[in-house]
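Novice: Quick note, the sequences are listed as chains P and E, same order.
Those letters in the first sequence? Residues 0 to 224, by numbering that gives the first Met the number 0.
Those letters in the second sequence? Residues 0 to 1099, by numbering that gives the first Met the number 0.
Please note that the accuracy of each hint is not assured.
[What the hints assert, rightly or not] These stretches of chain E come out as covered by chain P in the derived footprint (C-beta under 8 Å, 3 or more residues):
#, region
1, 88 to 96
2, 100 to 110
3, 781 to 788
4, 980 to 993
[Claimed, not checked] Derived DSS-like pairs: lysine-lysine, alpha-carbon spacing no greater than 30 Å straight-line:
#, chain 1, residue 1, chain 2, residue 2
5, E, K594, E, K684
6, E, K594, E, K250
7, E, K93, P, K111
8, E, K570, P, K42
9, E, K250, P, K172
10, E, K1048, E, K951
11, E, K893, E, K752
12, P, K117, E, K684
13, E, K552, P, K42
14, P, K186, E, K1008
15, E, K102, E, K552
16, P, K111, E, K570
17, E, K525, E, K215
18, P, K172, E, K684
19, P, K172, P, K111
20, E, K582, E, K752
Just so you know, the hints here were simulated from the structure itself, not pulled from any lab data.
Ideal Cβ positions, reconstructed from N, Cα and C, are used throughout, including at glycine.
Each chain, written out:
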Amino acid sequence: MPQAFPRYANVLTWVVIIGSVVGVSTLGASVMVFARTPYATHKAVAYTQPVQFSHAHHVNGLGIDCRYCHNSVEESNYANIPPTKTCMNCHSQIWVGSKMLEPVRESYRTGKSLEWHKIHRLSDYVYFDHSIHVTKGIGCVSCHGRVDQMQAVYQNGTLLMEWCLDCHRAPEKHLRPRDQVFNMSFKPEDMTQESGSPHTQATLGSMLRTKYDIRSLIECSTCHR
Amino acid sequence: MSSLNNKEKEIMDLETVLQKLENTDGKQYWRSLDELAQGEGFQEMIQREFPRQAAEWTDPVTRRHFLTLMGASLALAGLSGCRPPGGKIVPNIKDPEGVTPGKSMFFATAMPLAGYGNGLLAESNQGRPTKIEGNIDHPSSLGATDVFAQASVLGLYDPDRESGLTHLGRPKSWDDVVASIKSELAKLPKGKGFYLITDTITSPSLVDQLSNEFFKDYPEVQWVQHEPSASDNGIEGLSKAFGSACQPIYKVSAADVILSLDADLLSRGPAHLRYTREFSSRRDLEKLDKMNRMYVAESTLTNTGVKADHRLALRAMEIERFAYLIAFYLKVDDVAEPKGLSAESRRFAEIAAEDLAARGKGTTLVIVGDEQPESVHIIVAAINEKLGNNGKTVSYIDPVHAKPGERSKSLRGLVDDMNLGKVKVLFVWGANPVYSMPADLKFKEAFEKVPLRYRMGLFHDETSRLSHWHIPDSHFLESWGDVRAFDGTATVIQPLIAPLYFGRNFQELLSGLSERPNRDASAIVKDYWKNWYEAPGQTAIRSSVPFEKFYRKSLHDGLVEGSRAAIKSVKLLVEAVRAASKKFEASPEWKEGSKDNLEITFRPDESVFDGRFANNGWLLELPKSTTKITWDNAAIMSFKTAIELGVSLKTEKRPELEDGVYRSPASSFGFTGGEHGRAYVDTIKLSVQGRELVMPVWVVPGQPDNSINVQLGYGRERAGKVGTRDVGADVYKIRTSSDPWNALGLKAVLTGKQHILACTQSHHYMEGRHLVRSGTVAGSIENDKWVEEMGPEAHLAHEGHGHEGHDHKHDDHKEEQGKTRLSMLPEIVSEKYAYKQHKWGMIINLTTCTGCSACSIACQAENNIPVVGKLEVTRGREMHWIRIDRYFEGNPLKPNQLKAHYQPVPCQQCENAPCEQVCPVAATVHSYDGLNDMVYNRCVGTRYCSNNCPYKVRRFNFLQYTDYASVSMKMVNNPDVTVRSRGVMEKCNYCVQRIRAAEIEAEKRGKLKAERENRALDRAKDCQIQDGEIVTACQAACPANAIVFGDLKDVNSKVAKIQKNSGKFNYSILSELNTNPRTTYLAEVRNPNPKLVSSGKGHA
């Protein structure tokens, strides 16, 4: 009886078996990796906005506090995107003829809102509250990055769940004194320990965690309801 | 086998069951007749978690088609998953003052229903009203809401309201319609020939506008109020008894004994929420000796009857005789002993009268329903006078609504005028007379004879279809107005949102016809109240606050201070009582009812009311409290009547009638059969004075024999997409203007066909364990361990001892319990979860729960629970997170012995939860504060959790139930709760969004406090959530305060106090499974009169 399979079938079998195991796991791994790329997460992607508003100029250059525009950040889950009126508070006095600001003036004139491109888009099923994070001593920088240095705002973190949990598991990594929350250039080293030596984030964080009695909340219903 | 044999067999079955009932020890609870009859199919059915084939794809969309669709959407999902769409941020031009983005706001307003207002707080999320709560300051709400108020937000967004202002189908403008009416009025001298039909009106500003502007300009205009759900019998009767028109107000909390005569005190009428609150305040388990007692004689099983300590099922026609009998026993002057009534009824009357008479003057209360004739109201006024109640527990005010007493009388005159051609122009505002007029008036024919017909309404309905002009009306959440409550208290209705479907306000229309046009409704209402404020009678208010401040306060509080009607001082006219009594004596003799001369009673429906909510999915799908039927109405009859009429008691499909399904598309229902929720019932042809109607039959023990109850509001021909096709039968077609409520001479004949009712009754059967524990005050004083002794632990403890074990001393129990408390679940709770800070828990008080279902629909509104439709309910897939189980107890052939019990069942939040242990993807997990979190985005839809849940409280999205398509339906959703998609399990989570929101607020509060005081945070002290800060949606809605939620760790919380003080009544259901539920129950305690209690049955 002739052989049903040629000799190379032995090798081929192994190639197929190993190949499929490797292939499937590579595929899985590449999906996992892909999900973490900026292409998927939108991290560090800037967009053209209707008005070229520069946070760097307004925050760093002019020293305007975050809360001047994002006025509900301490009270509400939503930090608020300022209404046209907020822009016009100043720009009805300065740069009144600027071409760059024409969309703002037009919006104010016509009553039609500016349509900004959304940068930070949380995944579905997540309820995030700005006010509690700010109150508990998480600086704006911790999530949003150095907005004061951004000409055009981009997303600083991945906004993946692991990124949230990273801090929720160990809040001390990002804690800062309450009065430094809106300070974009705060460094723990600027503060001194009781011993007199400068703080590190580790020492400051653990000190504040005790002082503020920060819990590590990783229950599902903390964010998902 | 011939059908006769079949029937004999059924009856025999029944007798066997009844015999069984007689022989059993202790209480027997049962929920449906099927269950009682224990059909073979039933036993099999209840063994299954979800009904057979529920998991199979049985819709007209084939499986292959589905896979095609799925393939496409999967591919798309893959792509979109990588890069979520960015979206736009569209900020305001100017932020509105006082609004914090992301925070909801509450505005006080009121919902008019049948003319009367109920005070509400409407929650606005960035300008969208999403949820209704009660207004605690308002006299008829006291913080509670009813189902209609809860469902009103859905009605607001109903896309079917989009109709446009039209003349003969062509779009027209508001100015056109105003000009048209003006020119018509100009043609008619003084407006003669112009007729106006409205709903009941209590609005002070509208009444003022009508009488001081409209009728002044056009004095010959005729105005009729049409309210199919209300009767003026009460006002008529009392105006005879007291010589002037009046309306009674009860002080239920002051009454030790209440006798209710066909009055559904706890669930009908403009003040039922208040009365429920007052009634339940006297059912306090901590003050057993102060508990009130209620006797009810009624013509159909209502929530009031269910809560009664003694209930007598009487035909509506017999109530009058019963009232006179009570009067006779109480020795009211000029009342002779009425003959007739069964011996049982007479004994009931005698003992009830004895009990009433034995109490102090003014500590009792006798009430009668408005559907009863005038003479009953007169005699009840006399009884209350005799008992000294007038002025104490009953007081009288001038009728609140406009033109009292004319509502029903003027209808015939109107129709006559229409037929005679006297009506040249007819304007209908609100009411839907083409649908809801009594059939004998032939309104539709007369209506079409009127040369010009205007209609202003929320929907383009039956009346609009036959009108030349249709003008869209505005919903109460989108327009200004005012309304009075049952006691005359006025509330200014504030709009929460601009009209969504170009609706306009009736008051603005009237203003357009007057000399001062172009006033908007807010100005009209404000002007009225300014005049009121400046009237001579208001000096006290005027001297204390300026008007602007007063008006703002009125808006804020949701009621106008000082607007309550004054209590009238009235004197009973002896002649009136004598005349009524004489008239009664002359009435025909009492005859026992028979199946050849049945009685029919018409009552508004619990869900769709008089038909105005017929397009509201939330209400249609809400199981009615006593029948548990959804999406339908039915002819309610007693067990005995049903047997006499030959109705099959089994709710299974009859094979020989496969194609005989009445009014249901057989194709869509034909795939599956005999499941949970699907009841095949006989249909019956009802004929009253030659008018016929075919309806499905539903047997309710507790319905008096030879009396059939039907509910108004179904069978709409033009309700909208939801309520039009195959939703119930229109009983207005057999209603007459002479006997709109109770009529004799009904003939009922089986049609031989079957109809499918979607009924949630036999779902979630709990195997006859002692889930509801019911006892008496006397029993509780005698033995305060009865609740525990009824429980499974006690029974387990006596395994092997036999039933004599009941006599054991209690100490034995404890010892044995320890040994027998077996569990298949590991004891993990205490070690893993310390519940350091909070331990949320809920107590549901079965003593006060009236089964009104407000909790169920409040939960639906709060938690974005979808509507599934009748077909899905018949598959047992309804989605309510809190269901209200209803159990019957007693012999079904004796309606008077019937007792019914309600038990709301939400997720029990087990500490040792069986669901958590079987979820393969950890989509349901335990939280640090003891909740069973449900993580929708993790759920893959295995349904293991639901399989393993002993309480059957988990709900699965078998299909895409949530409406993602219609834009307006998105607006009704609560932004704090995930909208679930297909394939996801869901369940009650104690309104976790409210818990977390309160927690965040408390944490912020504490943090800032510690900072101010410059010290480290002490969570236990600084961040304490106050008791009552978190109120779950069900708790907030409950008029009986039967649901209490709070922190079990906080010894001062209400929930912990109840657990401590009423501990002997506190139990958890299925505790033998060692699930350790956080939701526990307080047993039902009633206060029966020992003289009326039949031979010592039952535990306590």
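Novice: Could you run down the list of hints and mark each one as holding or not?
Specialist: Evaluated hints:
1. Only when three residues or more bring their CB closer than 8 Å to a CB of chain P does the claim for the region 88 to 96 of chain E stand; here the count is 7, and the claim holds.
2. As drawn, the region 100 to 110 of chain E meets chain P at 3 residues by the rule of a beta-carbon pair under 8 Å; at three or more, the given contact holds.
3. For the region 781 to 788 of chain E, the stated coverage by chain P is violated: 0 residues have a C-beta nearer than 8 Å to a C-beta of that chain, whereas at least 3 were required.
4. Counting residues of the region 980 to 993 of chain E whose CB lies closer than 8 Å to any CB of chain P gives 3, so the stated coverage by that chain holds, three being the minimum.
5. Taking the CA atoms of E:K594 and E:K684, the gap is about 14 Å. The hint holds against a cut of 30 Å.
6. With a C-alpha separation of about 40 Å, the suggested pairing of E:K594 with E:K250 is violated against the 30 Å cut-off.
7. Note on E:K93 and P:K111: the hinted pairing holds, with a Cα-Cα distance of about 11 Å set against a maximum of 30 Å.
8. Under the criterion of a C-alpha separation no larger than 30 Å, the hint pairing E:K570 with P:K42 is inconsistent with the structure, at around 82 Å.
9. As the CA atoms of E:K250 and P:K172 are separated by approximately 62 Å, the hinted pair breaks the 30 Å bound.
10. Restraint check for E:K1048 and E:K951: the C-alpha separation of about 27 Å stays at or below 30 Å, so the hint holds.
11. Between the alpha carbons of E:K893 and E:K752 the distance comes to roughly 28 Å, so the proposed pair stays at or under 30 Å and holds.
12. With a C-alpha separation of about 62 Å, the suggested pair P:K117 and E:K684 falls outside the 30 Å cut-off, and the hint is violated.
13. Of the pairs offered as hints, the one joining E:K552 and P:K42 is violated, with about 50 Å between alpha carbons and a cut-off of 30 Å exceeded.
14. With a C-alpha separation of about 26 Å, the suggested pair P:K186 and E:K1008 falls inside the 30 Å cut-off, and the hint holds.
15. A threshold of 30 Å between alpha carbons decides the hint, and for E:K102 with E:K552 the separation of about 22 Å falls inside it, so the pair holds.
16. Restraint check for P:K111 and E:K570: not satisfied, since their Cα atoms lie roughly 66 Å apart, outside the 30 Å limit.
17. Taking the CA atoms of E:K525 and E:K215, the gap is about 21 Å. The hint holds against a cut of 30 Å.
18. The hinted pair formed by P:K172 and E:K684 fails the criterion: a straight-line CA distance of about 76 Å is larger than 30 Å.
19. Of the supplied pair hints, the one linking P:K172 and P:K111 is violated, its CA atoms being roughly 43 Å apart against a limit of 30 Å.
20. This hinted pair does not check out: E:K582 and E:K752 have alpha carbons roughly 44 Å apart, beyond 30 Å.
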